[in-house]
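As a plain string of letters, each chain reads:
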Amino acid sequence: DIQMTQSPPSLSASLGDKVTITCQASQNINKYIAWYQQKPGKAPRLLIRYTSTLESGTPSRFSGSGSGRDYSFSISNVESEDIASYYCLQYVNLPYTFGAGTKLELK
Amino acid sequence: QVQLKESGPGLVQPSQTLSLTCTVSGLSLTSNSVSWIRQPPGKGLEWMGVIWSNGGTDYNSAIKSRLSISRDTSKSQVFLKMNSLQTEDTAMYFCARGWGSYWGQGVMVTVSS
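Top to bottom, those sequences are chains R and Z. In terms of the working numbering, the first sequence is residues 84 to 190. In terms of the working numbering, the second sequence is residues 191 to 303.
Hints may contain errors.
To be verified - Here are some chain R residues pointing at chain Z (derived, C-beta under 10 angstroms):
| hint | residue |
| --- | --- |
| 1 | Gln89 |
| 2 | Pro91 |
| 3 | Ala117 |
| 4 | Pro127 |
| 5 | Arg132 |
| 6 | Glu138 |
| 7 | Phe145 |
| 8 | Glu162 |
| 9 | Leu172 |
| 10 | Leu177 |
| 11 | Tyr179 |
| 12 | Thr180 |
| 13 | Phe181 |
| 14 | Gly184 |
What the hints contain is simulated information worked out from the structure, not anything from laboratory work. We put the CB at the ideal spot given by N, CA and C, even for glycine.
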C-alpha cells in the first residue's frame, strides 16, 4: 500500500496569511493526488485533483503542486471560511490512501 | 446534478452485520464506479472498497475478509455489507463517485450493545 505522510498535523494562521501543507508518498504517484477540505459534520469537499487542477467553484487562492513523491497544497490569503481540516488522497494505486489530515485554525 | 445519499441503521450490535445503501442520481452505475470510505469520530479517512462500472469489486485488504460491495443498477443503488462488527467500526460511512470526486453526506454508524 502507498503511505501518504501529511504534515503538519495542525496549523495556526492569521487571516490573510499563506499556508502550505505537504504530502509525501511512499512511492511515485505520478501526480495522482487530490486535496479535500472537510468541515465538522460534513463530507470532504474535493478542491484539487491531479496535483493542481482546481475543481469548479474552488477559489483561486487554493493551489497545488508537486511531482514524483512530493506534493504541496497552499492557501494564499487565508479567509475565515477556510478554517477546516484538509486531507490529501493518492488515487494512482489501490487501495487509495489518505494523508492523516491537517487541521487549520485561526491564530 | 450528481448526488449520492447513504442510508442504513445508526446502531449495530457487536458481531452483527452492517448493511448500508448508497442511492445515486445524476450518474449511471454502468459507466461510473462507486467507492465506500469511512471516518471514525475525530480520526482520518479510510478507503474501504470500490465497485467498478462493470460490476467488479476491489477491497482494502485490511477489511477484505469482512466486506462485500454490490449494486442494483435498475435502482441506482450500491450496497455495502460488513460482518463481524466491532466497536472500532464505529464511524461515519460515505459513498463517493469514482475515487472521490463527489461524496454523499455520510451516515453515522455506532457499534454498541
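A quick look at each hint next to the structure:
1. Gln89: holds, 9 angstroms
2. Pro91: violated, 14 angstroms
3. Ala117: holds, 7 angstroms
4. Pro127: This interface hint holds because 6 angstroms falls under the 10 angstroms limit.
5. Arg132: holds, 7 angstroms
6. Glu138: Because about 8 angstroms separates Glu138 (chain R) from the closest Cβ in chain Z, which is inside the 10 angstroms limit, the hint holds.
7. Phe145: violated, 16 angstroms
8. Glu162: Cβ of Glu162 (chain R) sits 23 angstroms from chain Z, so the hint is violated.
9. Leu172: Holds - the Cβ of Leu172 (chain R) comes within 10 angstroms of chain Z, reaching about 6 angstroms at its closest.
10. Leu177: holds, 5 angstroms
11. Tyr179: holds, 4 angstroms
12. Thr180: Holds: closest Cβ of chain Z sits about 7 angstroms from Thr180 (chain R), inside 10 angstroms.
13. Phe181: Holds - the Cβ of Phe181 (chain R) comes within 10 angstroms of chain Z, reaching about 4 angstroms at its closest.
14. Gly184: Cβ of Gly184 (chain R) sits 5 angstroms from chain Z, so the hint holds.
When the structure is compared with the earlier hints, violations turn up for hints 2, 7 and 8 and for no others.
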